[in-house]
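If you read the protein sequences in the order shown, they are chains A and B.
Residue 175 in full-length UniProt numbering is what sits at position 175 of the first sequence, and the numbering runs on without skipping anything.
Residue 469 in full-length UniProt numbering is what sits at position 469 of the second sequence, and the numbering runs on without skipping anything.
I should point out that these hints are in silico values taken from the structure, not numbers from a laboratory.
For every residue, glycine included, the Cβ atom is placed at its ideal position computed from N, Cα and C.
One or more hints might be untrue.
[As the list claims (entries may be wrong)] The list that follows gives simulated cross-link-like pairs (lysine-lysine, DSSO-like), each with its CA atoms no further than 30 Å apart: (1) A:Lys173 - B:Lys237; (2) B:Lys217 - A:Lys95; (3) A:Lys118 - A:Lys128; (4) A:Lys91 - B:Lys225; (5) A:Lys128 - A:Lys87; (6) B:Lys217 - A:Lys173; (7) B:Lys225 - A:Lys173; (8) A:Lys91 - B:Lys237; (9) B:Lys128 - A:Lys87.
[What the hints assert, rightly or not] Rough simulated footprint, nothing fancy, chain A against chain B, three-plus residues with beta-carbon under 8 Å: (10) 194-202; (11) 426-435.
This is what each chain is made of:
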Amino acid sequence: MAHPANQRKKPDCGRWESGGREWALPGKRVWPLHLVTPVWNRGTRGTRGLSRAVAPEGSQKKGRSLLQFLADRFYDVQALREYLLRKQVLKVHQKNRPFTYIRERFGPHAAGAYFILKQGGAVKFQGKEWIRSDARGHFSLDFLKFQAVPVEAVDASGCAINYQGLDSVLALKELQSLWLQRCPHVDDWCLGRLHPLANSLQELSLAGCPRISERGLASLHHLQNLRRLDISDLPAVSNPGLTRILVEEMLPSCQVLGADWAQGLPSGPEEQSRDTASPLPA
Amino acid sequence: MLRRALQPGLSRGVLGRGLGTHRGRSTLGKVEGSGGYRGSWVAPVSSYVTFRTRDPTHDGKTVGRLGEGDQNGKVSEIKKKIQSVLPRGAWNPLRDTSYLPPEHSDVVIVGGGVIGLSVAYWLKRLEKPQGAIRVLVVERDHTYSQASTALSVGGIRQQFSVPENIQLSLFSVEFLRNINEYLAVVDDPPLDIQFNPSGYLLLASEKGAAVMESNVKVQRQEGAKVCLMSPEQLRNKFPWINTEGVALASYGMEHEGWFDPWCLLQGLRRKVQSMGVLFCHGEVTRFVSSSSHTETTSGEEVTLRRIHEVHVKMDRSLEYQPVECALVINAAGAWSGQIAELAGVGKGPPGTLQGTQLPVELRKRYVYLWHCPQGPGLETPFVIDASGAYFRREGLGNNYLGGCSPTEEEEPDPGNLEVDHDFFQDKVWPPLAQRVPAFETLKVRSAWAGYYDYNTFDQNGVVGPHPLVVNMYFATGFSGHGLQQAPAVGRAVAEMVLDGHFRTINLSPFLFNRFYLGEKVQEHNII
């Protein structure tokens, strides 16, 4: 079988997992013999519960099957796809870089505001109006003139803020209201980072974030000054009604907006089920 | 003629690989009269067809000869024969040995748990150029039914007393946070390790308060986010704790919690397979090594051994495969002591370097899952009491996991993984019920037991090469905190193998030499 010089053909994988290695037999041309690892080598289900790591093959989208087909068979296509994947990840990292020069020159509040505005969000300084970037991402730099005026509220809805990017937000020591609605990269790890804002934060909104689950919400108990918490529409939370009850008990002085706690309960005496789930003393 | 050439190979038979065997199923046998195959060519079906096959089980050269009559039966028979000869068919003139490991491998990793897979991952990731090293992972139980990884409680913390442990844990947390960048496989779904960032709460009595303070200082220096709490602050924060007898508590605010170890294992396995590491389902039964004598600088004579071959025995069979290798990495967890003995570690007069055995042995630990309807809520961290008993929340339904390490005298027999429920009644429940009054009413739902790869010397890991068996590297002995250090340890071992020294985290205090020199790196915060 002749291979075109510029395309190394990958071994036919089909249903088998292959090592993707080329073995050189002595005295012969290098053929890509695939080393077929037997079926049990694939992600088998564990003895303790289901493995979430490997999804069955049928669940992949039809539209990408051509690309997958090619990527399974050609190293070049696979390398290209890996490169594109990495580029996407790097783009998010680039958006979340810290602005150290602005921080040193103008202070942490100005740096935080600049970061949020650059991402496409909005900032409100104490005693001033909301500053927003326009549709083309431009915003006025007047706020750099505010000397030591703290940032009171941050609206980062829909921004690509992630774990690194939270550095700039956590530096805003007198932040009272933080809106992280529909942020695609805010996950449980980010929520574990919010504890430095415990003294000042009164309002937090996490509605619609796809990566937040009840495990991250458990780390919100540091925020004892929180008065309003919005946890509606979190797709990764397994049991929204129960989660809301547990969060309400965890933060007794906070008003929790979100899933209706009766959601998912069978119709019946609702008051009773509330009472049995309260471990904290009054 | 080929059949006669095959026969000597076949008569050697079961206990070794002869000539004429092959790996993989794509090699086709030949059918005479067709001149070989090109793709999916199908032989024409006609009523007079003769098949000559090199089938050693058949005496004659022709397999079938069609005559008149009974067309349909014969035609379907022919069709079946053709299909079996084509690619992916069942017929193979040469013996299929795809279940055996390869005959040569650069690195053989004994043990396919989280440490072994982590070493394999970092070897493939740090090797220059890409694809240079052949790695084979030998795991004798693919269901991981007794592996410490699968049975682990899954916690990760930075609250250790040894700075190296803190650094290992910090890097591992960073690895887990970015697990979908490290272990990304194109077209596979992202991993969700279900991390709970709830932190660890260590409680200390009067006796241990000073040690806890100095530990927290070291931890803060290394970059862990830990805060000290007085009993009063503890009562404010966690009203369900009974602070009687507690003098000080240290609470990890960030980077601590628990996660799903099975997911990490499967993620590593998937990624490592995509990087080209070979897996083998077998058990290491023998090392074939050679020795050479040299003199040290002080004139003493030492015997250096070098492992040349690893004999891997297949599951439920006597068949074994000798794998020629350059390096062996002992990541066998609780069974590392046995593997080290096979390699000749510790065969010598006691008190010498030759006679120093690897002090890693199996220790059984119990974990109990109970339900307590009035128990602590969502904010419960992983609580470790001063008495050594620990518990953590599991899920949203008021379930808790916990246990306790027995004292040396009460060590259970590690022969099997049976659970002793009396241990819970006598040793685990009383201290926990005293600490959390709500736990006075609870009901045990289930329990399991797992092994610690317990380092009897100082309860810390052994990492790095053996001074005498020059090509055996250790990555074992973590005594219950192996899972949380696995990514970092894998990287350290890979650096040692590829560069000869540690580059990122200096684990020289964890080398094997310390057992001979008697230098203990005692870790105080072991549960």
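How the hints compare with the structure:
{"no.": "1", "hint": "A:Lys173 - B:Lys237", "in the structure": "holds (22 Å)"}
{"no.": "2", "hint": "B:Lys217 - A:Lys95", "in the structure": "violated (35 Å)"}
{"no.": "3", "hint": "A:Lys118 - A:Lys128", "in the structure": "holds (19 Å)"}
{"no.": "4", "hint": "A:Lys91 - B:Lys225", "in the structure": "holds (29 Å)"}
{"no.": "5", "hint": "A:Lys128 - A:Lys87", "in the structure": "violated (38 Å)"}
{"no.": "6", "hint": "B:Lys217 - A:Lys173", "in the structure": "holds (25 Å)"}
{"no.": "7", "hint": "B:Lys225 - A:Lys173", "in the structure": "holds (18 Å)"}
{"no.": "8", "hint": "A:Lys91 - B:Lys237", "in the structure": "violated (40 Å)"}
{"no.": "9", "hint": "B:Lys128 - A:Lys87", "in the structure": "holds (22 Å)"}
{"no.": "10", "hint": "194-202", "in the structure": "holds (count 6)"}
{"no.": "11", "hint": "426-435", "in the structure": "violated (count 0)"}
Of the numbered hints stated above, those contradicted by the structure are hints 2, 5, 8 and 11, listed in ascending order.
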